[in-house]
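K.L.:
Sequence:
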Amino acid sequence: MLLGAAFLASWMSAASAQDADPTNMVRGGLQAIQLVDQGKIGELWDGSGPATKKRVARPEFVRQVEASRSPLGAAQQRTWISVNRQMVANEDPDVAGQYINVEYETRFANASNRVVREMTSFRLDSSGTWRLSGYVLR
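The sequence shown begins at 55 in our numbering and counts up by one.
Quick caveat, the hints were computed from the structure, so don't treat them as lab data. Beta carbons: idealized from backbone N, C-alpha and C, even for Gly. Do not take every clue at face value.
Stated by the list, open to error - Each computed EDC-like pair below joins lysine to aspartate or glutamate, with the alpha-carbon atoms no more than 20 Å apart:
hint, residue 1, residue 2
1, Lys-108, Asp-179
2, Lys-107, Asp-179
3, Lys-107, Glu-159
4, Lys-94, Glu-114
5, Lys-108, Glu-145
6, Lys-108, Asp-148
7, Lys-94, Glu-120
8, Lys-108, Glu-159
9, Lys-107, Asp-75
10, Lys-107, Asp-146
11, Lys-107, Glu-120
To be verified - What follows is a set of in silico ranges between Cβ atoms, one per label pair, in the way DEER data are often shown:
hint, residue 1, residue 2, range
12, Asp-75, Asn-164, 29 to 39 Å
13, Leu-191, Gln-140, 11 to 21 Å
14, Lys-108, Arg-168, 17 to 27 Å
15, Glu-114, Arg-192, 18 to 28 Å
16, Glu-145, Asn-167, 15 to 25 Å
17, Val-169, Asn-144, 27 to 37 Å
18, Gln-130, Ser-181, 31 to 41 Å
19, Ser-124, Ser-181, 16 to 26 Å
20, Val-169, Ala-121, 29 to 39 Å
21, Ala-121, Glu-159, 13 to 23 Å
22, Lys-107, Asn-167, 28 to 38 Å
23, Ser-181, Gln-140, 13 to 23 Å
24, Pro-147, Asn-167, 40 to 50 Å
The whole structure should be built from the sequences, with the hints applied where relevant.
P.N.:
Right, dumping it as structure tokens:
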């Protein structure tokens with residue numbers, strides 16, 4: 055595992071679903087987004103869970119995130135706005151389970167006239183570790 059993904063995973067070590075501290079989830083989401091800010095998108099994918107890796111290959115993940123973020127320029131201001139927990143039922147055990155979504159409002163240099171929402175999603179895996187399951191802009 056690459057250094058960035060290992061750093062991101064360090065705060066997400068073994069924790070039960072009931073122990074998911076919103077403050078830690080906000081910090082973890084910010085660490086994930088900072089990897090994107092630094093262009094370490096591949097490292098972010100490396101630390102993601104099995105469902106993410108099944109859904110999208112590393113090069114495609116990097117391409118998609120770069121394509122959505124690059125036109126916006128550097129982040130100028132970022133504020134977290136919500137932390138939501140969700141249970142997902144699915145036939146695929148890599149998809150089913152507990153998720154936490156952390157959403158931020160961000161102003162970017164090339165889009166200063168509007169606020170963009172960034173969302174990081176994490177899934178609690180069978181080892182009790184919260185792993186990245188997605189990053190999207192809205």
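K.L.:
Now tell me, hint by hint, if it's right for this structure.
P.N.:
For each hint, the structure was consulted:
This hinted pair checks out: Lys-108 and Asp-179 have alpha carbons roughly 15 Å apart, not beyond 20 Å. Proximity of Lys-107 to Asp-179 is assessed by CA-CA distance (about 13 Å); at most 20 Å being required, the pair is judged to hold. With a C-alpha separation of about 26 Å, the suggested pairing of Lys-107 with Glu-159 is violated against the 20 Å cut-off. A hinted pair counts as satisfied when its Cα atoms are at most 20 Å apart, and Lys-94 with Glu-114 qualifies at roughly 14 Å.
Distance hint between Lys-108 and Glu-145 is fulfilled; the C-alpha atoms sit about 14 Å from each other, no more than 20 Å. Distance hint between Lys-108 and Asp-148 is fulfilled; the C-alpha atoms sit about 9 Å from each other, no more than 20 Å. A distance of roughly 10 Å separates the Cα atoms of Lys-94 and Glu-120; the hinted pair therefore holds under the 20 Å criterion. In summary, the hint linking Lys-108 to Glu-159 is not supported, as the alpha carbons are separated by about 29 Å, beyond the 20 Å threshold.
Our distance criterion of 20 Å between C-alpha atoms is broken by Lys-107 and Asp-75, whose separation comes to about 26 Å. Only pairs whose Cα atoms come within 20 Å are accepted, and Lys-107 paired with Asp-146 is accepted, the gap being roughly 13 Å. At roughly 17 Å between alpha-carbon atoms, Lys-107 and Glu-120 fall within 20 Å of each other, so this suggested pair holds. Asp-75 and Asn-164 have their C-beta atoms about 34 Å apart, which keeps the hinted 29 to 39 Å range intact.
At roughly 19 Å, the beta-carbon separation of Leu-191 and Gln-140 lies within the given 11 to 21 Å, and the hint holds. About 34 Å separates the C-beta atoms of Lys-108 and Arg-168, a value inconsistent with the hinted range of 17 to 27 Å. Restraint check, Glu-114 to Arg-192: a C-beta distance of roughly 20 Å satisfies the suggested window 18 to 28 Å. At about 44 Å, the CB distance of Glu-145 to Asn-167 disagrees with the hint of 15 to 25 Å.
Against the hinted window of 27 to 37 Å, the Cβ-Cβ separation of Val-169 and Asn-144 comes to about 32 Å, which satisfies the hint. Take Gln-130 and Ser-181: their Cβ atoms lie about 37 Å apart, and the range 31 to 41 Å holds. At about 34 Å, the beta-carbon gap between Ser-124 and Ser-181 misses the expected band of 16 to 26 Å. For Val-169 and Ala-121, the hinted distance range of 29 to 39 Å is not satisfied, since their beta carbons lie about 20 Å from each other.
A C-beta distance of roughly 21 Å is found between Ala-121 and Glu-159, which places it inside the suggested range of 13 to 23 Å. At roughly 36 Å, the beta carbons of Lys-107 and Asn-167 sit within the given window of 28 to 38 Å. For Ser-181 and Gln-140, the hinted distance range of 13 to 23 Å is satisfied, since their beta carbons lie about 20 Å from each other. Look at Pro-147 against Asn-167: about 44 Å separates their beta carbons, and that is inside 40 to 50 Å.
Hint compliance for this structure: hints 3, 8, 9, 14, 16, 19 and 20 are not met, and every other hint is.
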